[in-house]
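Peer 1: This is what each chain is made of:
Number of protein chains: 2
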Amino acid sequence: MTQLEYAKKDQISNQMVIVSEDERVDVQVLKEDIKSGTVVIPANINHKSLHPKGIGKGLTTKVNVNLGTSKDREDFDLELRKLDISIKYGADAVMDLSTGDNLNSIRKIIIDKSTIPVGTVPIYQAAVKSVKDYGFIGKMSRALLFEVIEEQCEEGVDFITVHCGVNQSSVERLKNQKRLTNVVSRGGSFLVEWMIYNNKENPLYEYYDDLLKIVKKNDVTLSLGDGMRPGCLADATDRSQIHELITLGELTKRAWESGVQVMIEGPGHVPIDQIEMNIKLEKSLCNGAPFYVLGPLVTDIAPGYDHITSAIGGAIAAWHGADFLCYVTPAEHLRLPDENDVKEGLIASKIAAHSGDIGKRIKGAKDKDNMMANFRRDFDWENQINISLDPHKAREYRDSISLNDKEVCSMCGEYCAVKKVKKFFSE
Amino acid sequence: MTQLEYAKKDQISNQMVIVSEDERVDVQVLKEDIKSGTVVIPANINHKSLHPKGIGKGLTTKVNVNLGTSKDREDFDLELRKLDISIKYGADAVMDLSTGDNLNSIRKIIIDKSTIPVGTVPIYQAAVKSVKDYGFIGKMSRALLFEVIEEQCEEGVDFITVHCGVNQSSVERLKNQKRLTNVVSRGGSFLVEWMIYNNKENPLYEYYDDLLKIVKKNDVTLSLGDGMRPGCLADATDRSQIHELITLGELTKRAWESGVQVMIEGPGHVPIDQIEMNIKLEKSLCNGAPFYVLGPLVTDIAPGYDHITSAIGGAIAAWHGADFLCYVTPAEHLRLPDENDVKEGLIASKIAAHSGDIGKRIKGAKDKDNMMANFRRDFDWENQINISLDPHKAREYRDSISLNDKEVCSMCGEYCAVKKVKKFFSE
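Chains as they are written, first to last, in our numbering: chain C, 1 to 427; chain P, 1 to 427.
The reader is advised that the hints may include incorrect statements.
The list makes no distinction among identical chains, and a pair is therefore deemed to hold if it is satisfied within one copy or across any two copies.
Claimed, not checked - In the SDA-like style, the derived pairs of lysine to any residue whose C-alpha atoms are separated by at most 20 Å in a straight line are:
no., residue 1, residue 2
1, Lys-108, Phe-146
2, Lys-71, Leu-403
3, Lys-360, Glu-276
4, Lys-360, Met-277
5, Lys-393, Asp-338
6, Lys-8, Ile-45
7, Lys-129, Lys-175
8, Lys-406, Asn-14
9, Lys-71, Lys-406
10, Lys-393, Asn-340
11, Lys-113, Lys-406
12, Lys-35, Glu-21
13, Lys-360, Gln-274
These aren't lab readings, by the way, just hints derived from the structure by calculation.
Excised from the complex, chain C in its bound form (with noise of 0.2 Å):
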């Protein structure tokens, strides 16, 4: 059974127990949650490692890595130290969304290692096999896709980016819209190149009541991919990019029908005065189902920093209710990250998630930042340290310049403003 056929028949899953008492929620509110379609809790039944993690309504922001090779890097060693330094550093799951060779062994390994959530994007590898056998992805047969979800499902992948919403309608619309930058969605150029060449729809939209048979059966959560994402500020919430959304909301409703669960990728690169508004009508259009977003930057000027433009996106959209993160790092629109990369996009993420719940007043959220407040107003200079998001980096900085009193900082030195006034102020 699937986490949502469990709340539908009010049974309260092993794992539904250990994510209230990670999130300190009611499990019964949680599982009304699930029934509902407002939490997910990606779980693949063959995961074994995987400590669950719940996506939606009243829990924390989560925060995604993403992982993977390409043809032009293809390390299985750093990929897997990026594993480490994703669970090393709080990431709540990863995406293996490698595309060179041996994709198999590659993922076979991550989703053994991985204590948190892995997913994937099948399609890569069904295009990557078309590739190499016919030298296009145009010659890629119905039965390979849904083989290699089938197979990626059995291996134990707890969530799936389909781009089910890339359908004859919403490619017109993308003809029509005249857009600056067009696909940047990698499964949805896939799908978009396929289609025109076979002159056919999309087999992941025509034959999705068969995908939700094969993702049921291992509790897969399906994340419809957003093909039509916008790729920069000016084609941010377009007619194609809502048309596609209304799509992913039918779709979700036939996956609840049909006990599967179901997130929503959204945007992308989307201008600071509309994340709230995408935000909003994702929540209305999918019937308040989890929104896991890439990013959005909210600039595309500045290649190198896109970890920062995506944080700031990222927490306005937490705060406004995006449930789960999609990381960004400095290396975006230029390479293929690095593990330094990762590191500092990740802590970008889970800055702007951790911002993004002050402000839609998770439980307990502030907790954190007011005892960083009462041990810098203590000068205890070690558990602020110790509780900081990246304890190693603080302490780099701390150390690297020799203070006559221990007390203060080298930014005021002996001038500092807590350290003066403390006297005044300690009863």
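Starting from the known structure of chain C, arrange chain P on it as the hints suggest.
Peer 2: Same frame as chain C, now just chain P:
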């Protein structure tokens, strides 16, 4: 005459002409906004190397970089290299916050070399001198404080931070408030200490008219400091902060009546859902005077990444009407920043300002974003790099991995979405 006096007499100054050209706004509109106090041009008549900048309503959001020595690190060359970095990467102003020895020397060099407005906090120098001479800031005489201010104004400082709102009434409220971190403003803490020791009113408040006379001679813009700014989320938007803001509003009106230009300084540490309110409150209580915010930081738990916590808050602040952002570096709360910290902090703040400008619909704010989108669609990497906020870093990332196909990047390689669909959308 000050810029405000020119405007009151309906005269157009050279500085107004330059600002109107740089900002592509009508010079008559600009003059009216200066007249109403909603725009300032901090331009000391003795700052010969200055290219003036406008700050306020209808203009792009500006960014300030803090420089300066401390007793624990006194290295003139380092601070001058920070100045070069600031100007190179687009800072709109620098503040010399030195508290080491030889304050006059470093300040004179900075003013001489800086083509952008220079700000200071004169009480730092008065405090350093008092501590040197008497071991204690409480012994600072009013005469010393005003002499230092006058000296700095004569030297060519364009704007000075003066914590005139730290008065007996706001200190009383601070005591009653029971904050977690009390006072975190350096200048604020000097004054609190002085006031409690001497049992007297803050001279910057009590003799505010004398201050106005001094600054007016050289058209030095007042930046009314927020000594009561919150030092943690828990202390944000409390009675002591807002009481001080009310006082600053009253002082703004008196400055305007005297022909003196004014900005208001603001928080600090503010939860994401209180930022818009803080901006609107300042605009209301201070009759639309330009708002100069420090951050705001949206969480306290990320030392080492406070350029990011500030970029989130700064972007939202700018969007809702903040006019001037004080950068925060990754070193904040840990140490005096080094050159790399300065650059990282500045770029983060530029991202915030720019994203905010898009949100507040500054004319042409999206132009560069749209250019970037076109360059990305066309695989024009050279221009993508050249128009990015930090071309050096973008190029470094781009060049770090060798590529088979020079059109794409190593993230997706041959599976580049933009490349895949280009053929279908190029007519």
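Peer 1: Please go over all the hints and tell whether each is borne out by the structure.
Peer 2: Consistency of the hints with the structure:
1. Lys-108 x Phe-146: within (19 Å within a copy, 72 Å between copies)
2. Lys-71 x Leu-403: Only across copies: Lys-71 and Leu-403 sit 10 Å apart there, 49 Å inside one copy, limit 20 Å.
3. Lys-360 x Glu-276: Intra 12 Å, inter 15 Å, cutoff 20 Å: intra and inter.
4. Lys-360 x Met-277: both (15 Å within a copy, 16 Å between copies)
5. Lys-393 x Asp-338: Intra 17 Å, inter 15 Å, cutoff 20 Å: intra and inter.
6. Lys-8 x Ile-45: within (18 Å within a copy, 75 Å between copies)
7. Lys-129 x Lys-175: Close neither inside one copy (28 Å) nor across copies (70 Å); limit 20 Å.
8. Lys-406 x Asn-14: neither (48 Å within a copy, 50 Å between copies)
9. Lys-71 x Lys-406: between (50 Å within a copy, 14 Å between copies)
10. Lys-393 x Asn-340: For Lys-393 and Asn-340, both the intra-copy (12 Å) and inter-copy (15 Å) Cα distances are at most 20 Å.
11. Lys-113 x Lys-406: Result: close neither inside a copy nor across copies, 42 Å intra and 35 Å inter.
12. Lys-35 x Glu-21: For Lys-35 and Glu-21, only the intra-copy Cα distance (18 Å) is at most 20 Å; the inter-copy one is 60 Å.
13. Lys-360 x Gln-274: both (18 Å within a copy, 12 Å between copies)
The structure fails to meet hints 7, 8 and 11 from the earlier list, while all remaining hints are met.
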